[in-house]
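S.K.: Protein chains in written order, with our numbering: chain A, 30 to 85; chain B, 39 to 569.
In short, the hints are calculated from the structure, not lab data.
Check the hints yourself; a few may be wrong.
Each computed SDA-like pair below joins lysine to any residue, with the alpha-carbon atoms no more than 20 angstroms apart [unchecked claim]:
no., chain 1, residue 1, chain 2, residue 2
1, B, Lys195, A, Thr49
2, B, Lys503, A, Glu79
3, B, Lys503, B, Arg457
Have a look at the derived ranges for each label pair, beta carbon to beta carbon [claimed, not checked]:
no., chain 1, residue 1, chain 2, residue 2, range
4, B, Glu518, A, Ala75, 19 to 29 angstroms
5, B, Gln540, A, Glu69, 42 to 52 angstroms
6, B, Leu428, A, Glu69, 54 to 64 angstroms
7, B, Leu357, A, Ala75, 36 to 46 angstroms
8, A, Ala75, B, Gly376, 34 to 44 angstroms
9, B, Leu357, A, Glu69, 51 to 61 angstroms
10, B, Thr136, A, Glu73, 41 to 51 angstroms
Even glycine gets a Cβ: it sits at the ideal position worked out from N, Cα and C.
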Amino acid sequence: LQALARPAAARRHRGRALVTPIAALGGLVLSWLIFYIGGEILLEIAARAEQTWRIH
Amino acid sequence: MAHPLARAGALDLLEEAVHALRAAPPATFALHWAGSVPFALGLLVFWNSMSQPRTPDAVCAMEAFALALLVLWMNCWRAVFAGRLQRQLGGRPELPWTRLRLWRLVSSQAFLGGTKPVGMALAVGVILPAPWMAAFYRSAAVLGDREDLDLSQLMAKARKLAGFEQRQGWGILLLLTVLYLILLLNVLIVLALLPQVVRILTGYESVFTRGMKYYVDSPLFWLAGVAVAWIGFDPFTQAVYCVRGFQLESRETGEDLRAALRTLALIVLVVFVGQAQSLQRPLRPQDLDQSIRQTLQSPEYDWRLAPPATKRSGNVSWLVTVTDRLMDSIERGLRSIGDAIGRLLEWLREKLSSPSMHDTTAPPTAALHWSVYAIGAALAVLAGAIVWRLRRAKNKPAHIMAAGAAAVSLHDEHLLADRLPEEEWIALAERCAREGEYRAALRALYLANLAWLGRNEWIAIHSGKTNREYELEVRRRAREFPDARAMFAENVAGFERAWYGQHPVTAGDIDAFRERLRQIKTAMAPAEMAA
Numbered sequence: 030l031q032a033l034a035r036p037a038a039a040r041r042h043r044g045r046a047l048v049t050p051i052a053a054l055g056g057l058v059l060s061w062l063i064f065y066i067g068g069e070i071l072l073e074i075a076a077r078a079e080q081t082w083r084i085h
Numbered sequence: 039m040a041h042p043l044a045r046a047g048a049l050d051l052l053e054e055a056v057h058a059l060r061a062a063p064p065a066t067f068a069l070h071w072a073g074s075v076p077f078a079l080g081l082l083v084f085w086n087s088m089s090q091p092r093t094p095d096a097v098c099a100m101e102a103f104a105l106a107l108l109v110l111w112m113n114c115w116r117a118v119f120a121g122r123l124q125r126q127l128g129g130r131p132e133l134p135w136t137r138l139r140l141w142r143l144v145s146s147q148a149f150l151g152g153t154k155p156v157g158m159a160l161a162v163g164v165i166l167p168a169p170w171m172a173a174f175y176r177s178a179a180v181l182g183d184r185e186d187l188d189l190s191q192l193m194a195k196a197r198k199l200a201g202f203e204q205r206q207g208w209g210i211l212l213l214l215t216v217l218y219l220i221l222l223l224n225v226l227i228v229l230a231l232l233p234q235v236v237r238i239l240t241g242y243e244s245v246f247t248r249g250m251k252y253y254v255d256s257p258l259f260w261l262a263g264v265a266v267a268w269i270g271f272d273p274f275t276q277a278v279y280c281v282r283g284f285q286l287e288s289r290e291t292g293e294d295l296r297a298a299l300r301t302l303a304l305i306v307l308v309v310f311v312g313q314a315q316s317l318q319r320p321l322r323p324q325d326l327d328q329s330i331r332q333t334l335q336s337p338e339y340d341w342r343l344a345p346p347a348t349k350r351s352g353n354v355s356w357l358v359t360v361t362d363r364l365m366d367s368i369e370r371g372l373r374s375i376g377d378a379i380g381r382l383l384e385w386l387r388e389k390l391s392s393p394s395m396h397d398t399t400a401p402p403t404a405a406l407h408w409s410v411y412a413i414g415a416a417l418a419v420l421a422g423a424i425v426w427r428l429r430r431a432k433n434k435p436a437h438i439m440a441a442g443a444a445a446v447s448l449h450d451e452h453l454l455a456d457r458l459p460e461e462e463w464i465a466l467a468e469r470c471a472r473e474g475e476y477r478a479a480l481r482a483l484y485l486a487n488l489a490w491l492g493r494n495e496w497i498a499i500h501s502g503k504t505n506r507e508y509e510l511e512v513r514r515r516a517r518e519f520p521d522a523r524a525m526f527a528e529n530v531a532g533f534e535r536a537w538y539g540q541h542p543v544t545a546g547d548i549d550a551f552r553e554r555l556r557q558i559k560t561a562m563a564p565a566e567m568a569a
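Just chain A, with the same shape it has in the complex (with noise of 0.2 angstroms):
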């Protein structure tokens, strides 16, 4: 029985292993898009500004 149940809880060892670098790495990828999206619409509010300001 020890030695069937051994490689299952290696794997999820392993398993668990990855969770934390993939949350680290999605938590800055979510980090960047949120200020990616930001930027996005910061640069969208100026272009309309200019351009009422233009028209005026």
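Fit chain B to the given chain A structure using the hints.
M.R.: Okay, now just chain B, sitting in the frame of chain A:
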């Protein structure tokens, strides 16, 4: 070190946090600011770049990535700050840095830093779980500096800590929000007045002092205010959640009791050592009197004072308690200042009195202590410097006015309209016209036009602006004066034709320009001048 007994009130928790921060060394604050200051600066740069409509998308992506790294950097330092503060509360020593501790810190803060904006936005949008969410992320920052917790364990523990004392969580969040808004208001007022204060104290005129309204209207000004207030306030916010986490964890571990016992042992040791030292040297009556006076000033002996005139009910609101404490602190502070001044005067009186009053038998050594001469000399130098500066300031305008017009070269391409007042530009133009230099006269008249518009805040004069930009500025701000706008546009065109296009300028052109300037001034003059 925190008090051993956990107290449930949000206000008490905030007080504990203040005590913890006051006991913390400057290096602990530096840890927090090592992360928060670069992030705040990065955010301001990012905002500035994104406010320019011609910024390419690639730059936006790059700067967003740099900002994401700065968030990670800031979160890591905040976690180190929180960890150190919590070890200080428990009286525990610093932990050594290992590779595992560093990895767990960076990985957990990368994940939490990315999910926090989303989580907080959802929490604020739904309103109800906002205190839970804030407590979760702040507790995670406190636990992030520990080597023994991996990401899942850290999140489980933070979730558990955030789940305790929901009512207290609401109180903390509301109090912190109110305090932050008060601080923000103060910071904004200081930032708005700073250029004017600098101008008053140093005479330095800047773009910010000339265009105060536009400076305050700028979104960057508000963002800078928010960032500065956040840099100052965030250590306190984190300290509150450090104390909260410490008290909640202590319910299971008894850490607060252990910390209190360590303090007690230290006090006992100090008392024994102090007694041993006091036995070796005799006690002077003056020292004893001073010690008694100091002891009697502590709050434990307030019962000696007369009771207040109004009788309060037993259930006093926290606002009244805070106000009372504040007033007491101010009163104590004023009393201390008064005592210090009294002691200084007493010391001076002793030094200035004749030596014969103290000891008639000893020969006189010196009339006064050397420090009295030093203070006197410093005061004399200071007074001299002030008088010299005032006299210089009084003489300066006349000197400049006399030399100003003569020192200006109308052929200088970098000449700015705010170099001279409008009247002097006109005088210069008249002189040039008399000498037949019509081109220079036209330029002087144009600069007079700009100086008048600048003085009346229709435009903000700046070396980076073009004539076209001034024209657009007038068009935008003086919508109600279409004739004046058209005449100014005509003046700009006339000046550019002559100055850059090499068109010949005649005396008639000068007269026409002067007439348009007069009409602009009549149309756009401020109300009080028109009256």
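S.K.: For each hint, tell me whether it holds in the structure or not.
M.R.: For each hint, the structure was consulted:
1. B:Lys195 - A:Thr49: Satisfied, since the Cα-Cα distance of roughly 16 angstroms is no more than 20 angstroms.
2. B:Lys503 - A:Glu79: holds, 17 angstroms
3. B:Lys503 - B:Arg457: holds, 15 angstroms
4. B:Glu518 - A:Ala75: 19 to 29 angstroms: holds, 27 angstroms
5. B:Gln540 - A:Glu69: 42 to 52 angstroms: Because 47 angstroms falls inside the window, the suggested range holds.
6. B:Leu428 - A:Glu69: 54 to 64 angstroms: holds, 56 angstroms
7. B:Leu357 - A:Ala75: 36 to 46 angstroms: Because 44 angstroms falls inside the window, the suggested range holds.
8. A:Ala75 - B:Gly376: 34 to 44 angstroms: violated, 57 angstroms
9. B:Leu357 - A:Glu69: 51 to 61 angstroms: Hint violated: Cβ distance 45 angstroms, outside 51 to 61 angstroms.
10. B:Thr136 - A:Glu73: 41 to 51 angstroms: Holds - the Cβ-Cβ distance for threonine 136 (chain B) and glutamate 73 (chain A), about 46 angstroms, lies within 41 to 51 angstroms.
In summary, the structure is inconsistent with hints 8 and 9 from the numbered list given earlier, while agreeing with the others.
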